[in-house]
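Number of protein chains: 2
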Amino acid sequence: MVNPNAAMIVIGDEILSGRTQDANTFHLAQELTRVGIDLKEVRVVSDDHGEISGAVNVLRGKFTHVFTSGGIGPTHDDITADSIAAAFGVSIDVRDDARAMLATNYENGEADLTEARLRMARIPKGAKLINNPISKAPGFSLENVHVMAGVPTIFVVMLENLLPTLSGGQPMLSETIRMDSPESEIAGPLAKIATDFPELSIGSYPFSMYGKYGTNIVIRGTSQQLIASASHAVALAFEVLTK
Amino acid sequence: MVNPNAAMIVIGDEILSGRTQDANTFHLAQELTRVGIDLKEVRVVSDDHGEISGAVNVLRGKFTHVFTSGGIGPTHDDITADSIAAAFGVSIDVRDDARAMLATNYENGEADLTEARLRMARIPKGAKLINNPISKAPGFSLENVHVMAGVPTIFVVMLENLLPTLSGGQPMLSETIRMDSPESEIAGPLAKIATDFPELSIGSYPFSMYGKYGTNIVIRGTSQQLIASASHAVALAFEVLTK
Chain A
0 MVNPNAAMIV IGDEILSGRT QDANTFHLAQ ELTRVGIDLK EVRVVSDDHG
50 EISGAVNVLR GKFTHVFTSG GIGPTHDDIT ADSIAAAFGV SIDVRDDARA
100 MLATNYENGE ADLTEARLRM ARIPKGAKLI NNPISKAPGF SLENVHVMAG
150 VPTIFVVMLE NLLPTLSGGQ PMLSETIRMD SPESEIAGPL AKIATDFPEL
200 SIGSYPFSMY GKYGTNIVIR GTSQQLIASA SHAVALAFEV LTK
Chain B
0 MVNPNAAMIV IGDEILSGRT QDANTFHLAQ ELTRVGIDLK EVRVVSDDHG
50 EISGAVNVLR GKFTHVFTSG GIGPTHDDIT ADSIAAAFGV SIDVRDDARA
100 MLATNYENGE ADLTEARLRM ARIPKGAKLI NNPISKAPGF SLENVHVMAG
150 VPTIFVVMLE NLLPTLSGGQ PMLSETIRMD SPESEIAGPL AKIATDFPEL
200 SIGSYPFSMY GKYGTNIVIR GTSQQLIASA SHAVALAFEV LTK
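So the protein lines, in turn, are chains A and B. Under numbering that gives the first Met the number 0, think of the first position of the first sequence as 0, with each following residue one higher. Under numbering that gives the first Met the number 0, think of the first position of the second sequence as 0, with each following residue one higher.
The hints are simulated quantities; they were obtained by calculation from the structure and are not laboratory data. Don't be surprised by glycine CBs; every beta carbon is placed ideally from N, CA and C. Please note that a few of the clues may not be correct.
[Stated by the list, open to error] Each computed DSSO-like pair below joins lysine-lysine, with the alpha-carbon atoms no more than 27 Å apart:
#1 A/Lys61 x A/Lys135
#2 A/Lys191 x A/Lys211
#3 B/Lys124 x B/Lys135
#4 A/Lys124 x A/Lys61
#5 A/Lys124 x A/Lys135
#6 B/Lys127 x B/Lys61
#7 B/Lys211 x A/Lys135
#8 B/Lys61 x A/Lys191
#9 A/Lys61 x B/Lys127
#10 B/Lys191 x B/Lys211
#11 B/Lys124 x B/Lys61
#12 B/Lys135 x A/Lys211
[What the hints assert, rightly or not] Simulated DEER-style distance windows between Cβ atoms:
#13 A/Thr164 x B/Asp47: 25 to 35 Å
#14 B/Phe206 x A/Val1: 37 to 47 Å
#15 A/Gly53 x B/Ile133: 35 to 45 Å
#16 B/Asn130 x A/Gly53: 30 to 40 Å
#17 B/Asn130 x A/Ser90: 49 to 59 Å
#18 B/Pro132 x A/Gly187: 19 to 29 Å
Based on the sequences and whatever the hints tell you, model everything.
Structure (structure tokens):
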């Protein structure tokens, strides 16, 4: 069985200008690994209609799921929902259920829904809402595109509500082996092991600590048994090497 | 004058699997803003030849500069240099100057350059080297594509060596105004100000602190005078609003 796969689109000038460090990709990557959806690509695009809808249309055709983060607030630079509607060629308008959810966030309910706030209840036709227990303005899924907030605390709860509704695959498992040798000393034997286990992804990540170089070897795959075999092969190879 | 622009390509399965949080994009974004190069797009792609060269070819045609991070070490999963050479259709081989630099990293110099280590001296034909005072394996620039290490400390020094060789533009300036009002209350007047200052980028970023909602308004542009005018307009608008 091949796992479903996914892309992430982070929307926001504040990430590209270096004002803010994106935290949502890291969280999403960990959660998708946990449920067996393989994250294959991430794009960060600016608050620009054409850039957002262009990226959505390329990626929704290429991957099982597309997750987006950012640009669904009440201000003029929040253009994600409109860009998604345009990408799909569907209409967008204030929707009653989204409006009702949103109203629960304000003291006087519906009466407090100003024009700006109502922007957050504009949902492309055919979308399913994603619940937002924090600030009540919902995200939405349109076919395989899942549109969530950029504020990390809200992104986290929206994803928590969304993920159980998606079909996952086999969770990606991994084992890390820490070597006190620089990458260049283990590269040869490691390449052979990677060839011997084509079903696994075997990566090596150098680090330095207290002035000494080391390498973390990370073996990833969906079969615990294969990972154990590869891990054993690594142990054997480097006992030989350090003799 | 229009500033030069740029894209970043982060190469690495370890980012997509959530094992590691990318730090290089945030650093690059801040440095480019400082020197007046506008970062317009970021892509994270997997350790896959076709994905890397595909992204390079799309983005090098679209932007003044493309910066890459990751995949230039000595192991089998370090395929960035080969993928870049393939993207440009040029040959790649061990180059004498890169080999000499690399040799300075080892006790016995050239004698310690194993096959795996020599992989780090493979440079696409026509590239200029980027100095790496830390682990000596150089990065390189091929036309407008600048290939650097993924290890953050090395990425930082490579970028420090590279940036002064690139033509910058007018540094992007910004002013942040903190409002103790939620975004939805300032959206209307703010949209009008954004329309009045088309040369500036005016963003609003909600936050919550001690259970109260607030908004940072960020005004960005290259003219300090225009930013000051917009900032004054914001002050005027919200004195009116809070009356």
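Review point. Which numbered hints turn out to be false for this structure?
Key: Hints 1, 8, 9 contradicted; others consistent.
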